[in-house]
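Novice: Residue numbers (our numbering), protein chains in the order written: chain A, 1 to 313; chain B, 1001 to 1161; chain C, 2001 to 2397.
I should point out that these hints are in silico values taken from the structure, not numbers from a laboratory. Keep in mind it's a predicted model, so treat the numbers as computed, not measured. Even glycine gets a Cβ: it sits at the ideal position worked out from N, Cα and C. Incorrect hints may appear among the rest.
Computed list of lysine-lysine pairs in DSSO-like fashion (alpha-carbon distance at most 30 Å, straight line) [what the hints assert, rightly or not]:
id, chain 1, residue 1, chain 2, residue 2
1, C, K2201, C, K2184
2, B, K1050, C, K2228
3, C, K2084, B, K1012
4, B, K1096, B, K1147
5, C, K2016, C, K2201
6, B, K1012, B, K1030
7, B, K1017, B, K1090
8, B, K1085, C, K2228
9, A, K32, C, K2180
10, C, K2016, A, K58
11, C, K2228, B, K1006
12, B, K1119, B, K1137
13, C, K2092, C, K2228
14, C, K2016, A, K54
15, B, K1030, C, K2092
16, B, K1055, C, K2337
17, C, K2184, A, K206
18, B, K1012, B, K1096
19, C, K2205, B, K1011
20, B, K1055, B, K1006
21, B, K1090, C, K2287
22, C, K2180, C, K2228
23, B, K1030, B, K1006
24, A, K32, C, K2184
25, C, K2237, C, K2166
26, B, K1006, B, K1017
27, B, K1030, C, K2266
28, C, K2337, A, K292
29, A, K292, C, K2201
30, B, K1012, B, K1041
31, B, K1090, C, K2046
32, B, K1096, B, K1055
33, C, K2180, C, K2237
34, B, K1147, C, K2046
Simulated restraints on C-beta separations [to be verified]:
id, chain 1, residue 1, chain 2, residue 2, range
35, B, E1133, A, F265, 52 to 58 Å
36, C, P2333, B, H1079, 26 to 32 Å
37, A, N173, C, S2170, 53 to 59 Å
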Amino acid sequence: MEILAALIYITVFPGFLFLASYGTALQWADRKISAVMQNRVGPPWYQTLADFIKLASKEIVVPDGADIALFKALPYVAVASVSTAVLFLPVFGAPVYSFQGDLIAVIYLLTIPTATFFLAGWSSTSPYASVGSIRVMTQLFGYEVPLLLALVGPAILAGSWSVAEISAYFSANPKMIFFQIIGFAVSLLALQGKLERVPFDSPHAKNEIVGGQFTEYSGMLLALFNLSIDMEMVVGAALISAVFLGGTWQYSSFAAFAVFMVKTFAVVFLLTAIKAAMARVRIDQMVNFCWKYLAPLSMLQIIIDLYIKYGVK
Amino acid sequence: MSELIKEEELKKEIENKFAGSFYDLNISRKNRIWIGLNADKALEFMSFLKDRGYKHLSTITGFDEGENLGAIYHITDYHTLVNVKIRTPKNAPSLKTVRDIYPVCESFERELEDLFGIKIEGLPEGRNYPLPEGFPKGVHPLRKEVKLDELVKTLDSKEEK
Amino acid sequence: MAKITIPLGPQHPALKEPENFMLVLDGEQICDATVNLGYNHRGVEKAAENRNYIQDIYLIERVCGICSHSHVSCYIGCVEEIAKAQVPDRAKAIRTLIAELERVHSHLLWLGVAAYEMGFETMFMYTWRDREQVLDCLEMITGNRVHYGINTIGGVRRDINAEQAKEVLSKIAFLEERTKYYVKLATEEPTILARTQNVGKLPNKVALERNAVGPTARASGVKMDIRKDEPYFIYDKLDFELITYHSEDVFGRVVVRVLELVESYKIIRQVLSALPEGPIAVKVPWKIPQGEAVFRYEAPRGEDIHYVKSNGTEIPERVKVRAPTLSNFQSIPYMLKGDYLADVPITIAAIDPCMSCTDRAVVYDAKKGKTQVFDWEELRKYSIEFYKKKGVNFSGK
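Based on the provided sequences and hints, a complete structural model is requested.
Specialist: Have a look at this one:
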């Protein structure tokens, strides 16, 4: 029974089905909002769904020299790992599963899609895809450490490595949220890098390397990769809102769900604003920026949190 | 003609230095000097111009006068344009490259090779420019004997194969 | 790491027109680059030798979609010099006006393209929206947005009235405000600075040696602008600055272009405030006397040069077109070497390449178009057969 319940959690709610539909909706919101910011009309509400259906109906072409099994399996791995990650985050009240250290588990599960992007580009054996996947990896080393360090601050303050307990702590001490601004900003930028969005979208910069790591992907496989990025956006936003914004705020059931929606949407709105206001930076500049500014800033956040926890008595 | 001082000076200097090696030298208006030069003096003349500050080779125009083919080198110091006309017989058209003096001449000279069939001595082998790969060999579209209708026919018949 | 050769073009998202670059990459850095041109050869020069002078105006106008006025003015300048036509002052003023409006439209377009190549889509959208204002001006004066068709041998074809002048001035005032914003954005936004400073270096010496022209040369500190060096139209009577910058990189090219926009607004105001009275064209006979002429013109992208030779008939003996891009292309391999792959699009875009100008030159496709039409089924069969020959079979048979 437990296995069956877990499967339903992963595939239906809050897993794949929910994430896919909410992710698709958020992608539309992202496109529409950036369109309004750029003085355009933007797509109609069903555009993202239509894109998915159209892509899914297209032929899948596997390049010569690619490992067919690996090439085809990667998108599913990406989607599965994102669907699993959400189980540790508060969506409909408390998280489905929770244990000490699940914060690290979520980060780990969110790294798997990036690894699949790298393998996808590498196994495509095309020059554009190879350059793209090298960039994916380089970028991973740029944002991963600042992201992790930024999440450590709240964990220290709450004295726990569990996402649920961290959000419970902030729900109980809402004024502590204001001391987390630096960490929040760092994690937003790092998430932008993880989702490969402007200014950190050089792994698939279309003006330089066409489709980047996904150049050789087509049809359903590409649709799944795109979907996994949308879902990752939801999970990333949920993670940030759980760790920095108090998650679902100790509500349960529908009220909690409403809070979840509002907070994730707010985070996505910020991500969209960043995207609209900047140009793409080069990969070396990206890594420089992450190590020169983001990492020290998140260290500063940790020091602030340590001071609040042990210094202020 | 007080406003043509600079042009007159250059003209005089050319007349002194290159006496007998040009067949035409005139100033058509302010900033325009035309000179028809014998082919053997071409390189010497151009280094002379470059020393005088004429460092910008704007372009090379090929021409077909019936008996002769040729090229006009438009060289300028940004103000005054010197047009150096060099002829070469049509039965064996050939010009020396001016790469050593004006390194940028390469694509202009390839145009001469492609469109007029003038052999450029000293130009390294390279890709066709501007005609596409697979353009019929020996057809040089800007020569006067190439008529548009016939050119269309030749190209169409090639296309069908 | 092994070196990878990456083809950029002839079809590539960063390139608006067909050209080809072979880039040899060492990791992310470029160690060698070759430029291949000629994918867009249309044979305009040969076609021009088969049409009369008036028809050639409209042919030459179609050499390029952005700088159509530049090419026509340049060609007409040659013809008028040979015919010794005295062009009325009012016509010259109107030509200058259109030329500067065209420069504004071209530079705004370029600013958008450059932003897009940097991945800054918001700025791309903004500049292209504002560019509509100047296109509206051009449409109002000439009747067309892109191929204005306003020039004719001996003058211009349309006059401008007081109301139109007022409208142009109000739109220019709006654009001037917007341009101030772009100047601020381009010189202060950190991601733009990161992407343009020290990218695509072209030292002054190399720029001179490799014949850079226009804004590309001016951003390397070369003081060259044909409007100043060899004034045509009424530029000698106008007061404007020659913009140069010393940074020798893409940033300098951005700065030069946005500041040139400001100068162009100044010129437009001056032209409209002192528009001479009189006729707008003189009659020039169809047959142009024997002679030859060269005309140099400062197009938005740099020095445009045309050569026309006439043989006394109504058909020119030879027309030569050299667009600014061909001259600027010589510098590209130099600029690319040592750059990062990510800088390639912006470096190429920074010279504002215009391939249809560069590869101009035999228009024989008109007839062939018909025989090449496939219906969908035929096309499908053709493609299946084509790939079968290559050993690829998708049909499963």
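Novice: None of the hints should be skipped; say for each whether it holds.
Specialist: Do the hints match the structure? See the list:
A distance of roughly 23 Å separates the Cα atoms of K2201(C) and K2184(C); the hinted pair therefore holds under the 30 Å criterion. For the proposed pair K1050(B) and K2228(C), the alpha carbon gap of about 22 Å is at most 30 Å, so the pair holds. At roughly 27 Å between alpha-carbon atoms, K2084(C) and K1012(B) fall within 30 Å of each other, so this suggested pair holds. Taken as a hint, the K1096(B) and K1147(B) pair is honoured in the structure, with Cα atoms around 28 Å apart against an allowance of 30 Å.
Of the pairs offered as hints, the one joining K2016(C) and K2201(C) holds, with about 23 Å between alpha carbons and a cut-off of 30 Å not exceeded. Restraint check for K1012(B) and K1030(B): satisfied, since their Cα atoms lie roughly 16 Å apart, inside the 30 Å limit. Taking the CA atoms of K1017(B) and K1090(B), the gap is near 29 Å; set against the 30 Å cutoff, the hint holds. Between K1085(B) and K2228(C) the CA atoms are separated by roughly 27 Å; this keeps the pair inside 30 Å, and the hint holds.
Taking the CA atoms of K32(A) and K2180(C), the gap is about 28 Å. The hint holds against a cut of 30 Å. Taking the CA atoms of K2016(C) and K58(A), the gap is about 27 Å. The hint holds against a cut of 30 Å. Taken as a hint, the K2228(C) and K1006(B) pair is honoured in the structure, with Cα atoms around 17 Å apart against an allowance of 30 Å. Under the criterion of a C-alpha separation no larger than 30 Å, the hint pairing K1119(B) with K1137(B) is consistent with the structure, at around 14 Å.
Pair hint K2092(C) plus K2228(C) holds up; C-alpha atoms about 16 Å apart against a cutoff of 30 Å. With a C-alpha separation of about 26 Å, the suggested pair K2016(C) and K54(A) falls inside the 30 Å cut-off, and the hint holds. Taken as a hint, the K1030(B) and K2092(C) pair is honoured in the structure, with Cα atoms around 19 Å apart against an allowance of 30 Å. Taking the CA atoms of K1055(B) and K2337(C), the gap is about 24 Å. The hint holds against a cut of 30 Å.
Distance hint between K2184(C) and K206(A) is fulfilled; the C-alpha atoms sit about 27 Å from each other, no more than 30 Å. Taken as a hint, the K1012(B) and K1096(B) pair is honoured in the structure, with Cα atoms around 26 Å apart against an allowance of 30 Å. The suggested pairing of K2205(C) with K1011(B) holds, with an alpha-carbon distance near 29 Å, which does not exceed 30 Å. For the hint linking K1055(B) to K1006(B), the alpha-carbon distance of about 17 Å falls within 30 Å, and the restraint holds.
Taking the CA atoms of K1090(B) and K2287(C), the gap is about 29 Å. The hint holds against a cut of 30 Å. A distance of roughly 25 Å separates the Cα atoms of K2180(C) and K2228(C); the hinted pair therefore holds under the 30 Å criterion. For the suggested pair K1030(B) and K1006(B), the alpha carbons sit about 9 Å apart, so the restraint of at most 30 Å is met. Between K32(A) and K2184(C), the direct Cα distance comes to roughly 27 Å. Compliance with the 30 Å bound is thereby established for this hinted pair.
For the given pair, K2237(C) sits about 22 Å from K2166(C) by alpha-carbon distance, which is consistent with the 30 Å threshold. Using a Cα cut-off of 30 Å, the hinted pair K1006(B) and K1017(B) holds, with the two alpha carbons roughly 17 Å apart. Using a Cα cut-off of 30 Å, the hinted pair K1030(B) and K2266(C) holds, with the two alpha carbons roughly 28 Å apart. Simply put, K2337(C) and K292(A) have alpha-carbon atoms about 27 Å apart, close enough for the 30 Å limit, and the pair holds.
Restraint check: the Cα-Cα separation between K292(A) and K2201(C) comes to about 26 Å, which is no more than 30 Å; the hinted pair holds. Restraint check for K1012(B) and K1041(B): the C-alpha separation of about 17 Å stays at or below 30 Å, so the hint holds. Between K1090(B) and K2046(C) the alpha-carbon distance is near 19 Å, which keeps this suggested pair within the 30 Å criterion. This hinted pair checks out: K1096(B) and K1055(B) have alpha carbons roughly 19 Å apart, not beyond 30 Å.
This hinted pair checks out: K2180(C) and K2237(C) have alpha carbons roughly 26 Å apart, not beyond 30 Å. A threshold of 30 Å between alpha carbons decides the hint, and for K1147(B) with K2046(C) the separation of about 9 Å falls inside it, so the pair holds. Checked against the hint of 52 to 58 Å, the pair E1133(B) and F265(A) passes, with Cβ atoms roughly 55 Å apart. Take P2333(C) and H1079(B): their Cβ atoms lie about 29 Å apart, and the range 26 to 32 Å holds.
Separated by about 58 Å at the C-beta atoms, N173(A) and S2170(C) satisfy the suggested range of 53 to 59 Å.
Comparing the model with each numbered hint stated earlier shows that all of them hold.
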